[in-house]
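6 protein chains.
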Amino acid sequence: MDLTHFDSEGRARMVDVSEKAETARFALAKGRVRMETGTWERIKSGGIEKGDVLAVAQVAGIMAAKRTSALIPMCHPLAITSAKLDFALEEPGIVEIGATVKVTGKTGVEMEALTAVSVAALTIYDMCKAIDKTMVMSDIRLMEKAGGKSGHFRRNPEAQE
Amino acid sequence: MDLTHFDSEGRARMVDVSEKAETARFALAKGRVRMETGTWERIKSGGIEKGDVLAVAQVAGIMAAKRTSALIPMCHPLAITSAKLDFALEEPGIVEIGATVKVTGKTGVEMEALTAVSVAALTIYDMCKAIDKTMVMSDIRLMEKAGGKSGHFRRNPEAQE
Amino acid sequence: MDLTHFDSEGRARMVDVSEKAETARFALAKGRVRMETGTWERIKSGGIEKGDVLAVAQVAGIMAAKRTSALIPMCHPLAITSAKLDFALEEPGIVEIGATVKVTGKTGVEMEALTAVSVAALTIYDMCKAIDKTMVMSDIRLMEKAGGKSGHFRRNPEAQE
Amino acid sequence: MDLTHFDSEGRARMVDVSEKAETARFALAKGRVRMETGTWERIKSGGIEKGDVLAVAQVAGIMAAKRTSALIPMCHPLAITSAKLDFALEEPGIVEIGATVKVTGKTGVEMEALTAVSVAALTIYDMCKAIDKTMVMSDIRLMEKAGGKSGHFRRNPEAQE
Amino acid sequence: MDLTHFDSEGRARMVDVSEKAETARFALAKGRVRMETGTWERIKSGGIEKGDVLAVAQVAGIMAAKRTSALIPMCHPLAITSAKLDFALEEPGIVEIGATVKVTGKTGVEMEALTAVSVAALTIYDMCKAIDKTMVMSDIRLMEKAGGKSGHFRRNPEAQE
Amino acid sequence: MDLTHFDSEGRARMVDVSEKAETARFALAKGRVRMETGTWERIKSGGIEKGDVLAVAQVAGIMAAKRTSALIPMCHPLAITSAKLDFALEEPGIVEIGATVKVTGKTGVEMEALTAVSVAALTIYDMCKAIDKTMVMSDIRLMEKAGGKSGHFRRNPEAQE
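Going line by line, the protein sequences match chains A, B, C, D, E and F. Positions 40 to 200 (our numbering) are the ones given, in order, by the first sequence. Positions 40 to 200 (our numbering) are the ones given, in order, by the second sequence. Positions 40 to 200 (our numbering) are the ones given, in order, by the third sequence. Positions 40 to 200 (our numbering) are the ones given, in order, by the fourth sequence. Positions 40 to 200 (our numbering) are the ones given, in order, by the fifth sequence. Positions 40 to 200 (our numbering) are the ones given, in order, by the sixth sequence.
These aren't lab readings, by the way, just hints derived from the structure by calculation. Be aware that one or more of the hints could be misleading.
Claimed, not checked - Here are the in silico distance ranges between beta carbons for each label pair:
hint, chain 1, residue 1, chain 2, residue 2, range
1, D, Ser84, B, Glu130, 51 to 61 Å
2, E, Gly190, D, Thr76, 55 to 65 Å
3, F, Pro131, D, His191, 45 to 55 Å
4, B, Glu58, F, Glu129, 50 to 60 Å
5, D, His191, B, Arg193, 42 to 52 Å
6, F, Lys83, E, Pro196, 22 to 32 Å
7, B, Asp46, A, Leu128, 21 to 31 Å
8, E, Leu128, B, His191, 31 to 41 Å
9, F, Glu75, E, Leu128, 53 to 63 Å
10, C, Ser84, F, Glu129, 55 to 65 Å
We treat Cβ as the ideally placed atom computed from N, Cα and C, and that holds for glycine.
If we strip away everything but chain A, and leave its shape as in the complex, we get (with noise of 0.2 Å):
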């Protein structure tokens, strides 16, 4: 199989969907940001009084989603018809993210369900730099992807991260 996005004499393009069918297609991605419990414990209680990292996240999450064509080079214009982010802190020190992208469209959003989690990460880093400087952002993979020709994909939850 190819690397799709390299031409004949290996230079880079945007491959052509043209021929390809419209189709309802979904992807889901997450990732982690890990960081001191203390951090962790500001995020969780600020989410429920008063200041609320994770609403930021959210927010910016979703703007970049839509905005990941004009990130990644050679992803596909997408308008995309859902986008949700969701958080979890049952781990203490562990900010789980999840994007949920949805289109009716000739290519996939893993690109854009990828992007969400990555940037709601980022924005959670940058709005607790000041009391945590080594939080790593970890684990930003596709758990599933439906519609289109390749198929449903679902990753092995056995699978090492």
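With chain A held as given, fit chains B, C, D, E and F onto it using these hints.
Just chains B, C, D, E and F now, with coordinates in the frame of chain A:
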């Protein structure tokens, strides 16, 4: 210490840096894309022979560094004076990304460096996803930063990533 | 009825329009810039003779209509098929702005029309602020919208503005 | 006094501020969204309990302040050093929006403050339009500005809005 | 025939394409950068050996194709399905640039192809300007376009360029 | 002398200008759009009487100057202090475009001036393409630049264009 992005009512704001001095600042961030060995070999040979995934990722990362304040809601706009991305393919299955950004300004450029790494990683994912959907973007973190009142930060190399 | 931009946990999201049909839609929005009579006369004559504030405002409004989904966080990206701005200078001291936007899509274009009016108004302010800082942008409102399941909306002309 | 955005032939241009000194500047703008009392109550309770229209509007306003020169054709690009949005829900049916922007630069930031108010107002409209299409954005105006050669401006509070 | 971008009062507008059918369309544009032979040789060898001016210009051109409607005021937003840039260095001192863009849409993509060529040319200029300030970007023109009601257009090769 | 946009491994980077002094800089670029005489006459009369292609092109060029660093990958972001576009219709069939840009900064503004000319030319093309598809954009070149260490550059008027 406070989460500086929230005012006394807990609402988000852009931190007021009006009174800060303009100083020379730099930041170095790193991150990794983990992938199947076959994908990694394709990138590696492509970089030398013909199709160059890393050349595209590098351009994407530099352009993203310039767009950081448009992506991260509370980030200050900064006229960066230097942006540089490096890639290392030493360990099979791992592309290591490094980004160095400089500015003479009132705030630091760690978000610019982290954004450059993230978007370069997303670009690598995008260009290889036809052959490998299980790639993971990880360990995106600040390594070093200098300039400004908060002083020199250097990540403890022994710290868990 | 629900505030559709919030999910069941109260977090913001882009409303899922995946299942909606693509229909022809249009929206008409209006707004006003109130200013000193002297400023208004300058704009009026300028529009005919030489400097044309309204020509610049018109371009700005059309370009803003295309950028709506990048400005308004929960707005869906839409490939609009028509954007038109009109100005009326009938009442001394008042520039009336009208914007009509069309699309064939899954959601309406009222935000595009309102954004076009707002940015045209801001542009008029910007171009005249050297001679008049007291201008006020007002009565920015949806006049009419058609297409889609929610049916035809026409603003009651007797309604308080 | 001249409409400074036009040259001697009447064509639009970006005013030449090359010779101006860099000074500390700030601007305060205000505006209102008028709506049905039921909508207003939903926003008010949402702001306290769960769904937070104003949190999203605030992020949108701050991001718009940074993008002002990309929206308003003759506006100079400025690296703003502070942006803050406030909302007051004192009078039933009215959301009052205030935006304060600061910069150290060669031109003022009134357009940035006015743009922040306008986009925050548009975002409130967008998030509530499913329950209320008759909302009106009004009284968007400059309240105060300081810094630069033109001196301190403070809007006469008795002036008609 | 009329200048379709002006309404009956002579004001600019985005042409209303709402009633047009969606058809498969493509456009091919070309252009040249003329430069000193020494510069040209550096680009040529660089492309093979080490620094690759054309790889950066290619990415810039593809990204610009996607941003066309944000740059050209009356251009319709289009979700392009393919963008491809080619370079030829056959004649010493001349880099020939070609861009092919495709879409399924209501309007053509000639502006996207011409914008891609222009931005690729500007990028070549930018990357070589330290050694050659006299480069000239020329002969940027539409070569061929297909799809839509206006039929197939093919530039007469004998026409003066 | 080196192609400064490449590091020692031949990879592209944004040139490090951190150590450069901020100086007053300006650049003047020019270009031409060649077209059928009938098209040219329409633009000329339109510019005086009613529809004004050049007014739209002028706004587009000024806005593009501000967006240069987002289009050209290795360009530094610069807060330009002046942008001015002029058009001359002296020779039948030729629209001559001139752009002057100023900044106080660490790098020059030739790319901003050249980008303004290119986008103004593309806008003229876009607005007239319904009546003339054979227009050619040519002779886009730097005429003069001042400020910074590299000294005053003035294009030799006898040089082949």
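Consistency of the hints with the structure:
{"no.": "1", "hint": "D:Ser84 with B:Glu130: 51 to 61 Å", "in the structure": "54 Å, holds"}
{"no.": "2", "hint": "E:Gly190 with D:Thr76: 55 to 65 Å", "in the structure": "58 Å, holds"}
{"no.": "3", "hint": "F:Pro131 with D:His191: 45 to 55 Å", "in the structure": "54 Å, holds"}
{"no.": "4", "hint": "B:Glu58 with F:Glu129: 50 to 60 Å", "in the structure": "53 Å, holds"}
{"no.": "5", "hint": "D:His191 with B:Arg193: 42 to 52 Å", "in the structure": "45 Å, holds"}
{"no.": "6", "hint": "F:Lys83 with E:Pro196: 22 to 32 Å", "in the structure": "29 Å, holds"}
{"no.": "7", "hint": "B:Asp46 with A:Leu128: 21 to 31 Å", "in the structure": "23 Å, holds"}
{"no.": "8", "hint": "E:Leu128 with B:His191: 31 to 41 Å", "in the structure": "47 Å, violated"}
{"no.": "9", "hint": "F:Glu75 with E:Leu128: 53 to 63 Å", "in the structure": "32 Å, violated"}
{"no.": "10", "hint": "C:Ser84 with F:Glu129: 55 to 65 Å", "in the structure": "28 Å, violated"}
Hint compliance for this structure: hints 8, 9 and 10 are not met, and every other hint is.
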